[in-house]
Amino acid sequence: MNFLFGEKEERLRSEIREFVKENMPPDYIGNMFVEEESDEGWDFAMSMARKMAQKKWLVMSWPEEYGGMGASTWERVVLAEEAAYWGIPGLSMGISGTAWVGPTLMISGTKDQQDRFLPPIAAGEPDGVWCTGYSEPDAGSDLASLQTRAVRDGNEYIINGQKVWTSCAHLARWMWLICRTNSDAKKKHQGLSIFMVDMRSEGLTVNPLRNLVGGHVFNEVFFKDVRVPAENLVGRENEGWHQLMTALGFERGIAISFTASVRRKFDALVEYVKDAGLMSRPRVRAQLADLAVDIETARLLAYEPVCLAEEGIMNVHAASRDKANIDHLHEKLARVGTEILGAYSQLDYLHKDSKWTKLGGTFEHLYYYNVGMAIAAGTTYVQKNIVGQFGLQLPRSY
Amino acid sequence: MDYTFTKDQEMIRKSAREFFIKECPKDRVRELKDDPQAYDPLMWKKMVDLGFLGLIIPEMYGGMQGDLIELMIFTEELGRNLVPCPFFGTVVECTVPLLKFGTDPQKQKYLTGIAEKGAIWSLAQAEQVADFEAEDINLTAEADNGNFVLNGTKLFVPYAAEADFFIVAARTNKIGDPREGVTLFIVEAGAEGIGIEAMPTTARDCRGEVRFDGVRVTGDNVLGEQDQGWTILDTVLQHAAVFKAVEMSGGAQAVFDLTVNYARERKQFNKSIGSFQAVQHKLVDLLTLVDGLKYLVYEAAWHMNNGTSSRGLNSMAKVKANAVYHEVCHHGIVLHGAIGWTEEMDIGLYHIKTKAAQFDGGLSTLHLERIAAELEAYVPEYRKLYPG
Chain A
3 MNFLFGEKEE
13 RLRSEIREFV
23 KENMPPDYIG
33 NMFVEEESDE
43 GWDFAMSMAR
53 KMAQKKWLVM
63 SWPEEYGGMG
73 ASTWERVVLA
83 EEAAYWGIPG
93 LSMGISGTAW
103 VGPTLMISGT
113 KDQQDRFLPP
123 IAAGEPDGVW
133 CTGYSEPDAG
143 SDLASLQTRA
153 VRDGNEYIIN
163 GQKVWTSCAH
173 LARWMWLICR
183 TNSDAKKKHQ
193 GLSIFMVDMR
203 SEGLTVNPLR
213 NLVGGHVFNE
223 VFFKDVRVPA
233 ENLVGRENEG
243 WHQLMTALGF
253 ERGIAISFTA
263 SVRRKFDALV
273 EYVKDAGLMS
283 RPRVRAQLAD
293 LAVDIETARL
303 LAYEPVCLAE
313 EGIMNVHAAS
323 RDKANIDHLH
333 EKLARVGTEI
343 LGAYSQLDYL
353 HKDSKWTKLG
363 GTFEHLYYYN
373 VGMAIAAGTT
383 YVQKNIVGQF
393 GLQLPRSY
Chain B
55 MDYTFTKDQE
65 MIRKSAREFF
75 IKECPKDRVR
85 ELKDDPQAYD
95 PLMWKKMVDL
105 GFLGLIIPEM
115 YGGMQGDLIE
125 LMIFTEELGR
135 NLVPCPFFGT
145 VVECTVPLLK
155 FGTDPQKQKY
165 LTGIAEKGAI
175 WSLAQAEQVA
185 DFEAEDINLT
195 AEADNGNFVL
205 NGTKLFVPYA
215 AEADFFIVAA
225 RTNKIGDPRE
235 GVTLFIVEAG
245 AEGIGIEAMP
255 TTARDCRGEV
265 RFDGVRVTGD
275 NVLGEQDQGW
285 TILDTVLQHA
295 AVFKAVEMSG
305 GAQAVFDLTV
315 NYARERKQFN
325 KSIGSFQAVQ
335 HKLVDLLTLV
345 DGLKYLVYEA
355 AWHMNNGTSS
365 RGLNSMAKVK
375 ANAVYHEVCH
385 HGIVLHGAIG
395 WTEEMDIGLY
405 HIKTKAAQFD
415 GGLSTLHLER
425 IAAELEAYVP
435 EYRKLYPG
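First to last, the sequence lines map onto chains A and B.
Numbers given in the working numbering equal positions in the first sequence, counted from 1, plus 2.
Numbers given in the working numbering equal positions in the second sequence, counted from 1, plus 54.
None of these hints come from the bench; they were simulated from the model.
Any given hint could turn out to be false.
Said to hold, decoys possible - What follows is a set of in silico ranges between Cβ atoms, one per label pair, in the way DEER data are often shown:
| no. | chain 1 | residue 1 | chain 2 | residue 2 | range |
| --- | --- | --- | --- | --- | --- |
| 1 | B | Lys68 | A | Pro128 | 51 to 61 Å |
| 2 | A | Tyr274 | B | Thr419 | 17 to 27 Å |
| 3 | B | Asp121 | A | Glu312 | 19 to 29 Å |
| 4 | B | Ile75 | A | Gly314 | 27 to 37 Å |
| 5 | A | Glu312 | B | Glu397 | 37 to 47 Å |
| 6 | B | Lys76 | A | Glu341 | 48 to 58 Å |
| 7 | B | Ser364 | A | Arg283 | 15 to 25 Å |
| 8 | A | Lys57 | B | Trp395 | 55 to 65 Å |
| 9 | A | Met71 | B | Asp81 | 57 to 67 Å |
| 10 | A | Glu42 | B | Ala332 | 43 to 53 Å |
Note that the Cβ used here is the ideal one computed from N, Cα and C, for glycine as well.
Chain A extracted, bound-state conformation (with noise of 0.2 Å):
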């Protein structure tokens, strides 16, 4: 048992204060989504990648020969914690490329596919940017009742259909790609295949979709008659539902990040309170204590997984436990830290340079943010769903 980070973990995370330093605006604070945004915001998220893309920590955990460092797990847990510290942008290149395209496809893809999109991934460049097509008007958590389809046709598979709440799409090189090749399948899940598909494609359109405090994060994305050829293919024809899951499963480990972000967000807040003279109201004295308890603990919990993997036990189910659990300490801190702020919490983060804007807009942000969160890469009910029938071994409850 230890509670503490070992020597060369301590070493990168003070590497990577320096590069903080060196690099990022001082005080800065990272919102979600806030990236995808405006175009400011992409260009200095993509300057920011190709710097870490130099020091090899955009994609610390891959084989030096795919441009990682070969980092172990704890050094990639303190970079995901530093970058959401500090709101380090880029390091997600879009939503998915470091994420989990590359990382399956160090697992699934074919030599030439591990040759062709990992690279631009790795050197932190536009064309390693992607997006993530899953969700459907009519499958959304029912992921598996999906119905844009492909169909070969040669050297060639033709796409038709529609993706929506697709974060990215707009700014993506690429998607990764979830659709139908059999629709004759026994079960939904199966017939299933993912293709990288070029957002260049004659037939693709993306049209923005804006989110009710008006950001524009996601999209639709239509295929008419989109031709993909065959060797963009990830895996085997069919089996597409077994990638999406090795996928999801790096999607869902976010927690560590998330609640280093929220302890980001959590010191400004009790800065704020300090400086504003409100540290002697007992009931602010007391949120702030509770909370610092909900965010220790959420760091400790988000460990679990990782301390399990190095003993080679996989916890498939922490990792939904843990998004629903930051979403509920996001809803938390967002519902304190705009009490707190007060009045000053009805300005819109859009204005966020405005004189009377506290914070940067940061708990603005987040109050209206947490709640995309709390539904993006599966919703907080749909995450107990699974706690409750893999990691509880209850029968399914839908």
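We have chain A; now place chain B onto it with these hints.
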């Protein structure tokens, strides 16, 4: 970061668990509820023989010379198996201060008695307000030719009627800061002038009011320095907070397991009730609480053992335990349905301990304030990088 235990540590867990399952099945726990002694002297004797009472006492005083991780593992199992006995009061609240602040003769005399004979010790601290603040300590100790005379009343004293010794927190100086002027005394339970009255607690845990009516204590029975007792009490409270939280974590895990098993087995509408989403989601919430508490108390105990603990972290462990133990008992019983609200089911045996467990080691109001005080003094990482 490493959440795993060594083979030796796993062995301690295994032997503790097997001992408790064998010696203290739930029917025995039920019987002890109606026994005014609230523990089983024969089982206590066996615990002494196995070295459990001397777990953290050095070998030179007859102990096992174990560390706080071993104490943590043992305490977690004690809580999981709900063993009524004066272990917490004797080991955590009294052995710890004797070890840290006792003189050599005191250690020789008293630690040996605990490790080898299972002497029962009890901390007599709480008075009328019973909130673990210095203002609450008003029992007086008047100096008299190098000796002291104690007058006053202590409340909620653990195993008051069964204790062999008390550590009594007394006021020796009434002027100025109430934290300065507290002195601790080692007092034999049989001393003249001591009167004990049982307090009727829901947990049936043999707490009592202890009256000190002109009780004479010799100067060599002062624990630590005169007027400096508050520091010792603060050390004790931090240990008590962490290790009571460990015990509660063990109990919360057991209550959770009872509830999940029941939800799997109990059928309604021809289905196990665990298949219903409302039930399942509540169980997942409780799992998250119980898992979170487990790692938080491990972290606090580990840092305490490592010499890197912080007041804030120790307080966090207790705040979390106080909340989680309540949640898991309350909702665990509701998930059981009416049968859970009877004496028949084991879950109720855990729930009747809730209020006592929340009190020992400090209530959440006290600990939330301690965490807030630490936040007040805390310099965030970004301020170290960018001085304001």
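Hints, verified against the model:
{"no.": "1", "hint": "Lys68(B) <-> Pro128(A): 51 to 61 Å", "result": "holds, 57 Å"}
{"no.": "2", "hint": "Tyr274(A) <-> Thr419(B): 17 to 27 Å", "result": "holds, 24 Å"}
{"no.": "3", "hint": "Asp121(B) <-> Glu312(A): 19 to 29 Å", "result": "holds, 23 Å"}
{"no.": "4", "hint": "Ile75(B) <-> Gly314(A): 27 to 37 Å", "result": "holds, 29 Å"}
{"no.": "5", "hint": "Glu312(A) <-> Glu397(B): 37 to 47 Å", "result": "holds, 45 Å"}
{"no.": "6", "hint": "Lys76(B) <-> Glu341(A): 48 to 58 Å", "result": "holds, 52 Å"}
{"no.": "7", "hint": "Ser364(B) <-> Arg283(A): 15 to 25 Å", "result": "holds, 24 Å"}
{"no.": "8", "hint": "Lys57(A) <-> Trp395(B): 55 to 65 Å", "result": "holds, 60 Å"}
{"no.": "9", "hint": "Met71(A) <-> Asp81(B): 57 to 67 Å", "result": "holds, 60 Å"}
{"no.": "10", "hint": "Glu42(A) <-> Ala332(B): 43 to 53 Å", "result": "holds, 46 Å"}
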